[in-house]
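A.B. asks: Going down the list, the protein sequences come from chains C and W. So that you can map any letter, position 125 of the first sequence is 125 in our numbering, and since no number is skipped, the others follow by simple counting. So that you can map any letter, position 365 of the second sequence is 365 in our numbering, and since no number is skipped, the others follow by simple counting.
Rather than coming from a laboratory, the hints here were simulated on the basis of the structure. Don't be surprised by glycine CBs; every beta carbon is placed ideally from N, CA and C. Treat the hints with care, as some may be off.
In silico EDC-like links for lysine to aspartate or glutamate, alpha-carbon gap of 20 Å or less [to be verified]:
| # | chain 1 | residue 1 | chain 2 | residue 2 |
| --- | --- | --- | --- | --- |
| 1 | W | 75 | C | 182 |
| 2 | C | 335 | W | 55 |
| 3 | C | 256 | C | 182 |
| 4 | C | 335 | W | 250 |
| 5 | W | 75 | W | 55 |
| 6 | W | 66 | W | 326 |
| 7 | W | 123 | W | 361 |
| 8 | C | 23 | W | 265 |
A short list of chain C residues far from chain W (calculated; beta carbon distances all over 10 Å) [stated by the list, open to error]:
| # | residue |
| --- | --- |
| 9 | 101 |
| 10 | 102 |
| 11 | 197 |
| 12 | 208 |
| 13 | 303 |
| 14 | 307 |
| 15 | 308 |
Residue strings, one per chain:
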Amino acid sequence: MTINTGESEGLQPAKAVFYNDPKVRAIFWQIVAVGGVIAVFWFLIHNTMVNLERQNIASGFSFLDLEAGFAIGEGLVPYSAANSYWRAILVGLLNTIKVAVIGIVFATIIGTVVGVMRLSPNWLIARLATVYIETLRNVPLLLQLFFWYAMIVEVLPRAKEAYGPFLGVYLSNRGFNMPLPDTWGYLGLLGGFLVALIAVIWLYRRNKKIHDETGEIKNTLGPSMLIFAVGMMIGWLAGGAPTSLDSPEFKGFSFKGGGEVTSEFLALWLGLTLYTASFIAEIVRSGILAVSKGQWEAAGSLGLKRGQILRFIVLPQALRVIIPPTTSQYLNLTKNSSLAVAIGYPDIVGVTNTTINQSGQAIEGIAIIMSVYLTLSLSISLFMNWYNTKIALVER
Amino acid sequence: MTDTTEKHEDWSRPPATEVGIIGWLRKNLFSNWFNSILSLLAIYLIITTVPGMVEWALINSVWGDKSPEICREAKGACWAFIYEKHRFIFFGVYPYEQHWRPLVAMIIFLTLIFGSCVKPLWKLGWWIAVAWAVGLVMVGILMWGGVFGLKYVDQNQWGGLPLTLFLATFGTVFAFPLGILLALGRRSRMPAIRSLSVAYIELIRGVPLISILFMASVMFPLFLPAGISIDTLLRAQVGIILFGAAYGAEIIRAGLQAIPRGQYEAADAMGLSYWQSMRKIILPQALRITIPPMVNGFIGGFKDTSLVVIIGLFDLLMTSRVAFQDINWRPFFVEGYLFCAAIYFCFCFFMSRYSQWLEKDLAKGQNH
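Using the sequences provided together with the hints, build the complete structure.
C.D. replies: Next comes the structure, spelled out in structure tokens:
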């Protein structure tokens, strides 16, 4: 460039007009975009304010302290119609979390089993898994929820003639009733279990360390079982060796005592779990298929047994493929739990919807629903991302 | 050992236990004790359920134009219910004598959808878009009427399968360009535009469709100036489009990310402007690889349209439910749900197979 300075002065590109400068253009378009969004929002907010004023609805969240005045079928915290909206929404939120957590646990188990089944060398088992997956994936979840709910309510016997396969366990169109521990003495059992769990984790770590240092493989499974059995036994005895259970009994019109799982929860849980499991099954299957055959063969030639190959070679690699899409299935399950409103399970959407109908506070209600789901989605993403980085391939 | 040569023919053949039905059974069902137990369990499961279901659905069932009383006495399924109510399930409360109109509209619609799936027709390019435009105008004329001597039918009376198809297809057709813009925005170098796109996409993807539909049905009227109102169907449609756009954007973003950097740089080196390089170089390649996931997205969207039931629209699921609200046919909800599920299944299964085939077919071109 320096050599030609003398001659090329005339060839220097003319300075672009300012409106053709990419930087100026970028700033211009960004101002237009942001300005447009602000204008739309201002327009909507302005209209809303005018409309609210016309309908005499006070905006703000102060209505949350008012008395709710409606009953909720089930909940994890005590609640009555005299409590505030705020408490009602809390009940709904806890119900959402309850069904999401239990659904995720079972969907993962069933999905993994079905996914492995579909890869089974057993022709019949593979076909059964295929039929399960294809049927459930291709029918809308809402339809499945309606179907399960109708089956439970219409086909199962009435509470009076409840189907009771074991002592104290009843299945009826009101839901599922079961005995629960009734004294605090059972806490000893729980305590024993927790202590045993800590001991087993310690044992596992110690054995792993020994293996890392010396290559010696110590049996972990047998001692762990023993620790659990002994720990829980001691805990149970320390709690006064309780044996009594609070069994449900049919009195008057409904079951009294024991634990109850309502038909709404049962239908929602069943529908969500089976539907999501069919997606997780496909993810698990593709994850296992993604591990190349050479990995199996290489591990086999190193002398590892089939179980060891799965545990140390195939699963860690498959998990990396499985986890990200499974995370989005967990998110889907959580968001899909909002369909509870269609079958009358009092989740956050159902409760807030009733709140909106009673108080007229539509904007606040929808804002609550959306922020709850955003928070839940974000928490699940964060947790799964943490887990994903933990098991991700560590490269040098 | 000496006589083995005489039986040469025999031992050159595989043992009877390794070939034929027995061999197949041994290999596929009873290869070891664990598999044998699984097979026996599976056989037990099939024997206990399948004959009962077949008996219920086919042998003891009531077909054709029969009264609900006959159905109540029969032990099997009451397909007479479907026979009686099929027009309602398919077309909802659309005026009965005008049912040919949604039927023809649906056929036009399905022809367009299936036609767009046929790969040799893709080279028609823009003509497909023209066909869609013409087809949609025809569908609109048929459904609304009011011209050419057709009686006017308000969209409040639309329902059933055509409504489900409309919601799903328009949801995709309009969400698609919006999704492209959002995906480009998310990958833009301009911070303000990127943040806006990210905020929109993550906000929508973080909340359930139900909350968007509630927003459309409860909150949307508050947003509009006094005196302007939009009916529920259109509001739900807008909600589905806005929802689908966020998901579509993420699929397209994945496609954009899969394009090697060299393509972007080469386009820049050619002196193409941003929009030129996107339109002529990047998007044609990116969209091609996003077609299979897009079809999967469409399947999800198709199933999700059933959520409009919750805000009271008469889609296929709602008409099926209303059909057995009829006091005479109340007990036959299983038949109603199964029929509805079968329709959804046919569409979704076809599309998922199509997407699998397309994925393989598109990959074929890449590797030679």
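A.B. asks: Please go over all the hints and tell whether each is borne out by the structure.
C.D. replies: The hints, checked one at a time:
Using a Cα cut-off of 20 Å, the hinted pair residue 75 of chain W and residue 182 of chain C is violated, with the two alpha carbons roughly 45 Å apart. At roughly 38 Å between alpha-carbon atoms, residue 335 of chain C and residue 55 of chain W are farther apart than 20 Å, so this suggested pair is violated. Using a Cα cut-off of 20 Å, the hinted pair residue 256 of chain C and residue 182 of chain C holds, with the two alpha carbons roughly 13 Å apart. Between residue 335 of chain C and residue 250 of chain W the alpha-carbon distance is near 18 Å, which keeps this suggested pair within the 20 Å criterion.
Straight-line distance between C-alpha atoms of residue 75 of chain W and residue 55 of chain W comes to about 9 Å, which keeps the hinted pair within the 20 Å bound. Taking the CA atoms of residue 66 of chain W and residue 326 of chain W, the gap is about 15 Å. The hint holds against a cut of 20 Å. Distance hint between residue 123 of chain W and residue 361 of chain W is fulfilled; the C-alpha atoms sit about 16 Å from each other, no more than 20 Å. In summary, the hint linking residue 23 of chain C to residue 265 of chain W is supported, as the alpha carbons are separated by about 19 Å, within the 20 Å threshold.
Listed as outside the interface, residue 101 of chain C is consistent with that label: its C-beta sits roughly 17 Å from the nearest C-beta of chain W, beyond the 10 Å cut-off. Residue placement check: residue 102 of chain C keeps its beta carbon more than 10 Å from all beta carbons of chain W (closest about 18 Å). The Cβ of residue 197 of chain C sits about 30 Å from the closest Cβ of chain W, beyond the 10 Å cut-off, so the non-interface label holds. Distance to chain W confirms residue 208 of chain C as a non-interface residue, since its nearest Cβ pair spans about 29 Å, more than 10 Å.
Under the 10 Å C-beta cut-off, the non-interface status given to residue 303 of chain C relative to chain W holds; the minimum distance is some 21 Å. Taking the minimum C-beta to C-beta distance to chain W, about 13 Å, the non-interface status of residue 307 of chain C holds against the 10 Å cut. Against the 10 Å criterion, residue 308 of chain C stays outside the reach of chain W, whose nearest CB is about 18 Å from its own CB.
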